[in-house]
Amino acid sequence: MTNRPMIETRTFLGIPPFPVAAKRALADSQLRGNMHHATHTIRTKRARVTAELPDWEQLRVAGSDIKDDVMANLGHYLVQLEESLTKAGATVHWARDAAEANQIVIDIARRHEVDEVVKVKSMATGEIELNIAMEKAGISVWETDLAELIVQLGHDLPSHILVPAIHRNRSEVREIFLREMGKVGMPAAADLSDEPAELAGAARRHLREKFLRAKVAVSGANFMVAETGTLAVVESEGNGRMCLTLPEVLISVVGIEKIVPTWEDLEVFLQLLPRSATGERMNPYTSTWTGVTPGDGPQEVHVVLLDNNRTKVLADEVGRQALRCIRCSACLNVCPVYERVGGHAYGTIYPGPIGAILTPMLKGVGTSKSTDALPFASSLCGVCYEVCPVKINIPEVLVHLREQVVDSHRSGMPGTLLTTMKGASWLLGGGRRLGLMQKAAGLSTRVLWKNGMIGRMPAPMNRWTDARDCPAPPAESFRAWWTRTDGGRKNTGTSSKTARTETDQK
Amino acid sequence: MKVALFVTCLNDTMFPATGQATVQLLRRLGVEVEFPKAQTCCGQMHVNSGYVPEAIPVVRAFVDAFAGYDAIVAPSGSCVASAREQHTIVAARSGDKGLIRAVNEVSPRVYELSEFIVDKLGLVDVGAYFPHRVTMHPTCHSTRLLGVGSRPERLLAAVRGITMVDLPAADECCGFGGTFSLKNPDVSVAMGADKARHVRESGAEVLVAGDNSCLMHIGGLLTRQRSGIRVMHLAEILASTEDAA
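Top to bottom, those sequences are chains H and X. Positions 89 to 594 (the numbering used here) are the ones given, in order, by the first sequence. Positions 173 to 417 (the numbering used here) are the ones given, in order, by the second sequence.
Here chain H stands alone, though its shape is the one from the complex (with noise of 0.2 angstroms):
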């Protein structure tokens, strides 16, 4: 083996649970601008194609209703791709977790004698944190996705499910091929500017002397049509294509759930796609491939189908629908939690809405802090839901999560927070305690107010007035106010004017 330059991959450990992480990134304006930009100009563009489309309704109920009926017939479906792959000459791994399929991976290329793998842009990979496991296998591996490649030079971590490198302008981009390029392969010229175009065709440079290199590729894959046994990868760049056709042997690590039944089926989400995901009518490059074509393309194919938790989200009948996700980033670029916080604060490799239901899922709710959090990291607006061309109900998840969270905790500490629930519980089971307690609380605050706004209060209400005013309750609440006048009927003037109405009139 040589000696060959190897790139430390970032892992998102040691991020700090949503709200912590979501503050520092807040602070960061040139994130904040950045996101702001790139998520405003996909939305639009998506806004834009689907209208145009009358049937786009019909087709994310078809979308959906497909991948319904792969979840309930998996097996079935599962079979039938297995034999499908074996009769193309693929060779079928299955893999339970992540540990299995990594191993799975390093032993074919072990078996081959690379020190290098080139990589086509797959989340199944980055879930499964392959990079790390080849590495540490003395394997070196090369994104080739342009924005997956930024990641890496940058010794970053990917912010968005479809543009990893969302979170970085083209400034930086420059600079980080300037930097970092030299150091694994092909420099970058040193007159690089941040055009676009000067910048892809230094990606192109140093990229291509690695594809006519390498003899493995490892990708994920789209779709998988199981009457045919065939793959597919959608892509923007051709660059996913060079990895699919010039090595000698290909694998591709594949969740189960990205299955279609049939050819007409993967029609559907090939229209569902591109126009969700970039905001095209169609994706520049869809490359398919069956098993091995003799002498065209690589002459050993090997599938490895991933489970990694996803047969425990097929077991949760609210949490399930979760597996029609088709990775689009829809949810991710219209969702304003995302837009104004960036990827990196929900410490996973999938962030946003689909993230945020998806990662607690696969890891498994009550494990962590962080992964606790994240059904928590949104104001349920349902922007998602609206968006997502598979009609995932990600709030309805989201609140189901948050469910799932607290009760993994109830036998734990009794923290302040169900304390307060529980007597919320109690004061809301009965109208007569509500109103014993709108009179205690317009007396005991009455000392706090001005201009019948509460200003600035210690903690934990800080957490509101450290930026917001707060109404002052009322003299008198409404149900006080209909007892004394029956609803208004009775002429007794109106000296229950509300705080806001006191400050409006000052």
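No wet-lab data here; the hints were simulated from the structure. All the given hints hold, so there is nothing to weed out.
Derived DSSO-like pairs (lysine-lysine); straight-line CA-CA distance at most 30 angstroms:
no., chain 1, residue 1, chain 2, residue 2
1, X, 355, H, 457
2, X, 209, H, 578
3, X, 174, H, 578
4, H, 510, X, 269
5, H, 527, X, 355
6, H, 510, H, 457
7, H, 479, H, 133
8, H, 578, X, 292
9, H, 400, H, 479
10, H, 479, H, 457
11, H, 303, H, 271
Put chain X on the given structure of chain H with help from the hints.
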């Protein structure tokens, strides 16, 4: 038609003027509402925070208070969405068949104010007068969960003297999100700050919405910023008349 007012716990406790305006408005439109005093809350705070068992007594109080009414009207899109969408989840978790049945009876009869006026009363012009420059935040739960569509805008457009101005990025969430505003205060405020900026850019004197929860958040930012813009619930504008003005 026997109609009950579900004033909501937030309006009851913090914004009685909204409840009073709703009563006044509906009375003017010929609907005499009752106020069942056993009512408390929709239970949304519990459900959305993950405390579903704790929401069971709240939902039970809700169906007990509102059983037997033909329509239950509430000046809150969010609370109505909770009653219509979430009460079945809570009832299911209770395993109490009586509660499940009661929820199935009561839930579909709960209406948001603009839905009730436009759909049940068949009215768009409610005879209101409000000579001010107004912009509207449509609120996520009213639009995306309930689907009230353009009903509030149609009601406002028919108000005499009013000047409606567009709110930039109106459909974007204000960042309140219930306990989200406390669990993730920094993100909540970042979203709210953008909303408040859009409100200021609109040139309106008044920001109106169908939910006082969102308004409490946006309004709290607007007063902290000394913007001089006041927030009002839809019911309060629709209740305003020339006599009162």
